[in-house]
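Put together the whole structure using the sequences plus the hints.
Using our numbering, you'd call the opening residue of the sequence shown number 1 and step up by one each time.
Hints listed in this document are in silico derivations from the structure and should not be mistaken for laboratory results.
Certain hints may be false.
Claimed, not checked - Ranges between beta-carbon positions, derived for each pair:
1. Pro31 - Glu154: 52 to 58 Å
2. Leu101 - Gly249: 45 to 51 Å
3. Asp64 - Arg332: 41 to 47 Å
4. Asp64 - Leu230: 22 to 28 Å
5. Asn279 - Asn53: 30 to 36 Å
Nothing here was measured: the structure is a model prediction, and the numbers come from that model.
Cβ atoms here follow ideal geometry from the backbone N, Cα and C, with glycine treated the same way.
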Amino acid sequence: MAALQDDHDRTMAYAEVALSQIKNLRHGAVPRNYEIWYVYATGYNPELNKAINDTLAERGSLTDADLDQLHDSYLSHGRTTDRIDRIGARVASEIDDIMALLAETLGSTASFGDDLRGESQKLSLATAHDQIKAIVERLVATTRDMQQANSALEERLSTSKQEIANLQVSLDAIRAESLTDPLTGLGNRKHFDRAVHEAIRTASTSQQPLSLLMMDIDHFKSFNDTYGHLTGDQVLRLVGLTLKQSIKGQDITARYGGEEFAVVLPNTPLRQAIIVADNIRRLVMSKELKKKSTGEILGRVTLSAGVSTLKPHDDAEALIERADSCLYAAKRNGRNRVICESDPEFSCVTQAAVA
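Quick look at the structure:
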(Lines of atoms letter the chains of each structure in order from A and count residues from 1; the text may use other names and numbers.)
(Lines give C-alpha, C1' and ligand atoms only; values in the text may rest on other atoms or scores of the structure.)
Protein backbone atom coordinates (compact mmCIF):
# COMPACT_ATOMS: atom_id res chain seq x y z
CA MET A 1 0.00 0.00 0.00
CA ALA A 2 2.86 2.38 0.84
CA ALA A 3 4.49 1.75 -2.51
CA LEU A 4 1.19 2.39 -4.26
CA GLN A 5 0.82 5.68 -2.39
CA ASP A 6 4.33 6.71 -3.43
CA ASP A 7 3.53 5.91 -7.07
CA HIS A 8 0.26 7.84 -6.76
CA ASP A 9 2.05 10.92 -5.45
CA ARG A 10 4.64 10.79 -8.24
CA THR A 11 2.13 10.43 -11.06
CA MET A 12 -0.11 13.11 -9.59
CA ALA A 13 2.86 15.49 -9.61
CA TYR A 14 3.34 14.80 -13.33
CA ALA A 15 -0.39 15.32 -13.89
CA GLU A 16 -0.26 18.69 -12.12
CA VAL A 17 2.62 19.84 -14.34
CA ALA A 18 0.73 18.70 -17.46
CA LEU A 19 -2.46 20.50 -16.48
CA SER A 20 -0.49 23.61 -15.51
CA GLN A 21 1.11 23.74 -18.97
CA ILE A 22 -2.25 23.27 -20.66
CA LYS A 23 -3.70 26.10 -18.59
CA ASN A 24 -0.75 28.48 -19.02
CA LEU A 25 -0.60 28.00 -22.80
CA ARG A 26 -4.40 27.99 -23.10
CA HIS A 27 -4.55 24.64 -24.87
CA GLY A 28 -7.68 22.54 -25.02
CA ALA A 29 -7.85 20.01 -22.18
CA VAL A 30 -8.19 17.08 -24.59
CA PRO A 31 -6.47 13.67 -24.29
CA ARG A 32 -3.93 14.43 -27.03
CA ASN A 33 -2.70 17.60 -25.31
CA TYR A 34 -2.70 15.96 -21.88
CA GLU A 35 -0.58 13.09 -23.21
CA ILE A 36 1.93 15.49 -24.76
CA TRP A 37 2.37 17.50 -21.57
CA TYR A 38 2.32 14.48 -19.26
CA VAL A 39 5.15 12.85 -21.22
CA TYR A 40 6.92 16.22 -21.23
CA ALA A 41 6.63 16.37 -17.43
CA THR A 42 8.14 12.91 -16.97
CA GLY A 43 11.09 13.70 -19.25
CA TYR A 44 10.62 10.23 -20.71
CA ASN A 45 10.94 11.39 -24.34
CA PRO A 46 13.87 13.81 -24.69
CA GLU A 47 13.24 14.39 -28.40
CA LEU A 48 9.70 15.57 -27.62
CA ASN A 49 10.98 17.84 -24.83
CA LYS A 50 13.62 19.38 -27.10
CA ALA A 51 11.09 20.01 -29.89
CA ILE A 52 8.71 21.71 -27.44
CA ASN A 53 11.45 23.78 -25.80
CA ASP A 54 12.86 24.88 -29.17
CA THR A 55 9.42 25.92 -30.44
CA LEU A 56 8.58 27.81 -27.25
CA ALA A 57 11.96 29.55 -27.30
CA GLU A 58 11.40 30.61 -30.90
CA ARG A 59 7.72 31.57 -30.85
CA GLY A 60 6.61 31.54 -27.22
CA SER A 61 3.57 29.37 -27.94
CA LEU A 62 2.36 26.17 -29.57
CA THR A 63 -0.43 26.16 -32.12
CA ASP A 64 -2.91 23.35 -32.56
CA ALA A 65 -1.02 22.36 -35.73
CA ASP A 66 2.20 22.24 -33.68
CA LEU A 67 0.56 19.93 -31.17
CA ASP A 68 -0.70 17.68 -33.97
CA GLN A 69 2.78 17.44 -35.43
CA LEU A 70 4.38 16.79 -32.03
CA HIS A 71 1.97 13.98 -31.29
CA ASP A 72 2.36 12.39 -34.71
CA SER A 73 6.16 12.68 -34.65
CA TYR A 74 6.94 11.63 -31.09
CA LEU A 75 3.97 9.90 -29.49
CA SER A 76 1.91 8.20 -32.19
CA HIS A 77 1.78 4.51 -31.28
CA GLY A 78 1.33 3.60 -34.94
CA ARG A 79 4.79 4.81 -36.02
CA THR A 80 6.61 1.58 -35.18
CA THR A 81 3.85 -0.51 -36.73
CA ASP A 82 3.96 1.62 -39.88
CA ARG A 83 7.72 1.17 -40.18
CA ILE A 84 7.41 -2.58 -39.73
CA ASP A 85 4.60 -2.70 -42.30
CA ARG A 86 6.73 -0.79 -44.82
CA ILE A 87 9.64 -3.19 -44.37
CA GLY A 88 7.27 -6.15 -44.61
CA ALA A 89 5.91 -4.78 -47.88
CA ARG A 90 9.45 -4.46 -49.25
CA VAL A 91 10.26 -8.03 -48.24
CA ALA A 92 7.04 -9.27 -49.88
CA SER A 93 7.85 -7.31 -53.06
CA GLU A 94 11.37 -8.77 -53.12
CA ILE A 95 9.99 -12.29 -52.75
CA ASP A 96 7.45 -11.68 -55.54
CA ASP A 97 10.26 -10.54 -57.86
CA ILE A 98 12.32 -13.62 -57.02
CA MET A 99 9.37 -15.95 -57.58
CA ALA A 100 8.68 -14.33 -60.96
CA LEU A 101 12.33 -14.72 -61.95
CA LEU A 102 12.36 -18.35 -60.79
CA ALA A 103 9.22 -19.04 -62.82
CA GLU A 104 10.84 -17.47 -65.86
CA THR A 105 14.02 -19.50 -65.32
CA LEU A 106 12.06 -22.71 -64.86
CA GLY A 107 10.33 -22.00 -68.17
CA SER A 108 13.70 -21.47 -69.83
CA THR A 109 14.98 -24.70 -68.28
CA ALA A 110 12.00 -26.65 -69.62
CA SER A 111 12.51 -25.09 -73.06
CA PHE A 112 16.21 -25.95 -72.88
CA GLY A 113 15.33 -29.56 -72.07
CA ASP A 114 12.96 -29.73 -75.05
CA ASP A 115 15.67 -28.27 -77.30
CA LEU A 116 18.20 -30.83 -76.08
CA ARG A 117 15.83 -33.70 -76.73
CA GLY A 118 14.91 -32.37 -80.17
CA GLU A 119 18.51 -31.82 -81.23
CA SER A 120 19.51 -35.19 -79.78
CA GLN A 121 16.94 -36.91 -82.03
CA LYS A 122 18.17 -34.94 -85.04
CA LEU A 123 21.76 -35.81 -84.17
CA SER A 124 20.96 -39.51 -84.07
CA LEU A 125 19.54 -39.29 -87.63
CA ALA A 126 22.14 -36.94 -89.07
CA THR A 127 24.77 -38.41 -91.41
CA ALA A 128 26.25 -35.44 -93.21
CA HIS A 129 29.05 -33.42 -91.63
CA ASP A 130 27.25 -30.13 -92.23
CA GLN A 131 24.10 -31.40 -90.50
CA ILE A 132 26.06 -32.51 -87.45
CA LYS A 133 27.96 -29.22 -87.31
CA ALA A 134 24.72 -27.19 -87.45
CA ILE A 135 23.15 -29.25 -84.66
CA VAL A 136 26.22 -28.87 -82.44
CA GLU A 137 26.30 -25.10 -83.03
CA ARG A 138 22.62 -24.82 -82.05
CA LEU A 139 23.32 -26.88 -78.90
CA VAL A 140 26.27 -24.65 -78.01
CA ALA A 141 24.17 -21.49 -78.53
CA THR A 142 21.29 -22.88 -76.48
CA THR A 143 23.66 -23.92 -73.68
CA ARG A 144 25.26 -20.47 -73.70
CA ASP A 145 21.82 -18.85 -73.38
CA MET A 146 21.01 -21.14 -70.46
CA GLN A 147 24.30 -20.31 -68.74
CA GLN A 148 23.59 -16.61 -69.11
CA ALA A 149 20.11 -17.06 -67.64
CA ASN A 150 21.55 -19.02 -64.72
CA SER A 151 24.21 -16.34 -64.13
CA ALA A 152 21.53 -13.64 -64.13
CA LEU A 153 19.46 -15.68 -61.67
CA GLU A 154 22.47 -16.25 -59.40
CA GLU A 155 23.29 -12.53 -59.40
CA ARG A 156 19.67 -11.56 -58.70
CA LEU A 157 19.41 -14.09 -55.85
CA SER A 158 22.63 -12.75 -54.34
CA THR A 159 21.30 -9.18 -54.53
CA SER A 160 17.98 -10.22 -53.02
CA LYS A 161 19.73 -12.09 -50.22
CA GLN A 162 21.66 -8.95 -49.31
CA GLU A 163 18.55 -6.78 -49.54
CA ILE A 164 16.58 -9.09 -47.27
CA ALA A 165 19.53 -9.21 -44.84
CA ASN A 166 19.54 -5.39 -44.76
CA LEU A 167 15.80 -5.36 -44.13
CA GLN A 168 16.30 -7.84 -41.29
CA VAL A 169 18.85 -5.48 -39.75
CA SER A 170 16.28 -2.67 -40.01
CA LEU A 171 13.65 -4.82 -38.31
CA ASP A 172 16.09 -5.71 -35.54
CA ALA A 173 16.87 -2.01 -35.08
CA ILE A 174 13.15 -1.14 -34.86
CA ARG A 175 12.62 -3.97 -32.39
CA ALA A 176 15.52 -2.76 -30.26
CA GLU A 177 14.26 0.83 -30.47
CA SER A 178 10.81 -0.23 -29.31
CA LEU A 179 12.41 -1.78 -26.20
CA THR A 180 14.77 1.11 -25.39
CA ASP A 181 14.21 4.20 -23.29
CA PRO A 182 15.33 7.07 -25.57
CA LEU A 183 16.60 9.31 -22.75
CA THR A 184 18.84 6.92 -20.84
CA GLY A 185 19.53 4.24 -23.46
CA LEU A 186 18.47 1.56 -20.98
CA GLY A 187 15.69 -0.93 -21.58
CA ASN A 188 12.21 0.51 -21.20
CA ARG A 189 9.29 -0.83 -19.15
CA LYS A 190 8.23 -3.16 -21.97
CA HIS A 191 11.74 -4.62 -22.10
CA PHE A 192 11.80 -5.02 -18.32
CA ASP A 193 8.44 -6.80 -18.23
CA ARG A 194 9.64 -9.33 -20.81
CA ALA A 195 13.06 -9.74 -19.21
CA VAL A 196 11.86 -10.31 -15.66
CA HIS A 197 9.34 -12.98 -16.73
CA GLU A 198 12.00 -14.78 -18.78
CA ALA A 199 14.53 -14.51 -15.92
CA ILE A 200 12.04 -16.01 -13.45
CA ARG A 201 11.26 -18.86 -15.83
CA THR A 202 14.95 -19.61 -16.34
CA ALA A 203 15.78 -19.36 -12.62
CA SER A 204 12.88 -21.64 -11.67
CA THR A 205 13.94 -24.23 -14.27
CA SER A 206 17.65 -24.16 -13.42
CA GLN A 207 17.18 -23.75 -9.66
CA GLN A 208 19.54 -20.77 -9.72
CA PRO A 209 19.10 -17.64 -7.55
CA LEU A 210 17.59 -14.47 -8.99
CA SER A 211 17.50 -11.02 -7.42
CA LEU A 212 15.85 -7.74 -8.33
CA LEU A 213 16.88 -4.16 -7.56
CA MET A 214 14.36 -1.34 -7.65
CA MET A 215 16.08 2.06 -7.45
CA ASP A 216 14.66 5.58 -7.24
CA ILE A 217 16.37 8.99 -7.50
CA ASP A 218 15.99 10.87 -4.22
CA HIS A 219 14.24 14.25 -4.33
CA PHE A 220 14.00 14.12 -8.13
CA LYS A 221 10.94 16.36 -8.24
CA SER A 222 12.87 19.12 -6.48
CA PHE A 223 15.56 18.95 -9.20
CA ASN A 224 12.89 19.49 -11.84
CA ASP A 225 11.13 22.23 -9.88
CA THR A 226 14.35 24.07 -9.00
CA TYR A 227 16.46 23.69 -12.13
CA GLY A 228 13.98 22.71 -14.85
CA HIS A 229 13.31 19.61 -16.92
CA LEU A 230 16.55 19.82 -18.89
CA THR A 231 18.51 19.41 -15.67
CA GLY A 232 16.13 16.65 -14.64
CA ASP A 233 16.93 14.90 -17.91
CA GLN A 234 20.63 15.28 -17.13
CA VAL A 235 20.09 13.56 -13.78
CA LEU A 236 18.28 10.67 -15.45
CA ARG A 237 21.03 10.29 -18.03
CA LEU A 238 23.68 10.31 -15.29
CA VAL A 239 21.96 7.48 -13.45
CA GLY A 240 21.40 5.57 -16.70
CA LEU A 241 25.09 5.87 -17.61
CA THR A 242 26.13 4.72 -14.13
CA LEU A 243 23.91 1.66 -14.42
CA LYS A 244 25.40 0.82 -17.81
CA GLN A 245 28.90 1.07 -16.38
CA SER A 246 28.04 -0.99 -13.30
CA ILE A 247 26.06 -3.86 -14.78
CA LYS A 248 27.77 -6.54 -16.84
CA GLY A 249 27.09 -9.87 -18.53
CA GLN A 250 23.59 -11.29 -18.30
CA ASP A 251 22.29 -8.62 -15.88
CA ILE A 252 19.47 -6.47 -17.25
CA THR A 253 18.90 -2.75 -16.60
CA ALA A 254 15.76 -0.78 -17.36
CA ARG A 255 14.10 2.52 -16.69
CA TYR A 256 11.02 1.30 -14.88
CA GLY A 257 9.20 4.60 -15.11
CA GLY A 258 9.79 8.25 -14.28
CA GLU A 259 12.83 8.39 -11.99
CA GLU A 260 12.65 4.71 -11.00
CA PHE A 261 15.05 2.10 -12.37
CA ALA A 262 15.16 -1.70 -12.20
CA VAL A 263 18.03 -4.16 -12.38
CA VAL A 264 17.44 -7.90 -12.89
CA LEU A 265 20.32 -10.00 -11.56
CA PRO A 266 20.22 -13.63 -12.74
CA ASN A 267 22.26 -16.20 -10.80
CA THR A 268 22.75 -13.67 -7.99
CA PRO A 269 21.84 -14.39 -4.34
CA LEU A 270 20.42 -11.70 -2.06
CA ARG A 271 23.63 -10.68 -0.26
CA GLN A 272 25.55 -10.31 -3.52
CA ALA A 273 22.68 -8.27 -4.98
CA ILE A 274 22.86 -5.92 -1.98
CA ILE A 275 26.55 -5.33 -2.71
CA VAL A 276 25.74 -4.55 -6.36
CA ALA A 277 23.01 -2.10 -5.31
CA ASP A 278 25.26 -0.34 -2.81
CA ASN A 279 28.07 -0.07 -5.34
CA ILE A 280 25.67 1.63 -7.76
CA ARG A 281 24.42 3.94 -5.01
CA ARG A 282 27.97 4.94 -4.06
CA LEU A 283 29.03 5.47 -7.67
CA VAL A 284 26.07 7.74 -8.41
CA MET A 285 26.70 9.72 -5.21
CA SER A 286 30.37 10.19 -6.12
CA LYS A 287 29.51 12.29 -9.18
CA GLU A 288 28.83 16.01 -8.91
CA LEU A 289 25.99 17.36 -11.00
CA LYS A 290 26.97 20.45 -12.97
CA LYS A 291 24.67 22.74 -14.93
CA LYS A 292 25.97 22.68 -18.51
CA SER A 293 24.95 26.22 -19.42
CA THR A 294 26.64 27.95 -16.46
CA GLY A 295 29.02 25.40 -14.93
CA GLU A 296 27.16 25.82 -11.62
CA ILE A 297 27.61 22.87 -9.22
CA LEU A 298 24.14 21.65 -8.32
CA GLY A 299 25.17 19.05 -5.76
CA ARG A 300 25.16 15.29 -5.79
CA VAL A 301 22.50 12.82 -6.83
CA THR A 302 21.58 10.03 -4.44
CA LEU A 303 19.61 6.82 -4.89
CA SER A 304 17.44 4.71 -2.64
CA ALA A 305 17.23 1.02 -3.47
CA GLY A 306 15.16 -2.02 -2.56
CA VAL A 307 16.34 -5.60 -3.09
CA SER A 308 14.28 -8.79 -3.29
CA THR A 309 15.18 -12.34 -4.23
CA LEU A 310 13.12 -15.02 -5.94
CA LYS A 311 11.28 -17.42 -3.65
CA PRO A 312 9.57 -20.70 -4.53
CA HIS A 313 6.25 -20.13 -6.32
CA ASP A 314 7.03 -16.41 -6.85
CA ASP A 315 5.69 -14.69 -9.94
CA ALA A 316 6.95 -11.40 -11.35
CA GLU A 317 4.36 -9.37 -9.46
CA ALA A 318 5.42 -10.79 -6.08
CA LEU A 319 9.13 -10.28 -6.75
CA ILE A 320 8.57 -6.67 -7.91
CA GLU A 321 6.20 -5.87 -5.06
CA ARG A 322 8.73 -6.92 -2.40
CA ALA A 323 11.56 -4.98 -4.06
CA ASP A 324 9.29 -1.94 -4.36
CA SER A 325 8.30 -2.22 -0.69
CA CYS A 326 12.00 -2.38 0.25
CA LEU A 327 12.56 0.73 -1.87
CA TYR A 328 9.77 2.52 -0.03
CA ALA A 329 11.34 1.48 3.30
CA ALA A 330 14.66 2.96 2.16
CA LYS A 331 12.88 6.21 1.29
CA ARG A 332 11.03 6.30 4.58
CA ASN A 333 14.18 5.64 6.60
CA GLY A 334 16.19 8.57 5.32
CA ARG A 335 16.90 7.83 1.61
CA ASN A 336 20.34 7.25 0.07
CA ARG A 337 20.41 3.67 1.34
CA VAL A 338 19.78 0.06 0.34
CA ILE A 339 17.22 -2.10 2.12
CA CYS A 340 16.51 -5.75 1.40
CA GLU A 341 13.61 -7.97 2.36
CA SER A 342 15.54 -9.51 5.30
CA ASP A 343 16.14 -6.11 6.95
CA PRO A 344 14.00 -5.08 9.94
CA GLU A 345 13.00 -1.85 8.17
CA PHE A 346 11.27 -3.94 5.48
CA SER A 347 9.45 -5.95 8.15
CA CYS A 348 8.10 -2.70 9.63
CA VAL A 349 6.75 -1.68 6.24
CA THR A 350 5.00 -5.00 5.65
CA GLN A 351 3.53 -5.01 9.15
CA ALA A 352 2.23 -1.46 8.66
CA ALA A 353 0.70 -2.49 5.33
CA VAL A 354 -1.10 -5.43 6.92
CA ALA A 355 -2.33 -3.27 9.79
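Cross-check of the supplied hints:
no.	hint	result
1	Pro31 - Glu154: 52 to 58 Å	55 Å, holds
2	Leu101 - Gly249: 45 to 51 Å	46 Å, holds
3	Asp64 - Arg332: 41 to 47 Å	44 Å, holds
4	Asp64 - Leu230: 22 to 28 Å	25 Å, holds
5	Asn279 - Asn53: 30 to 36 Å	35 Å, holds
The structure meets every hint from the earlier list without exception.
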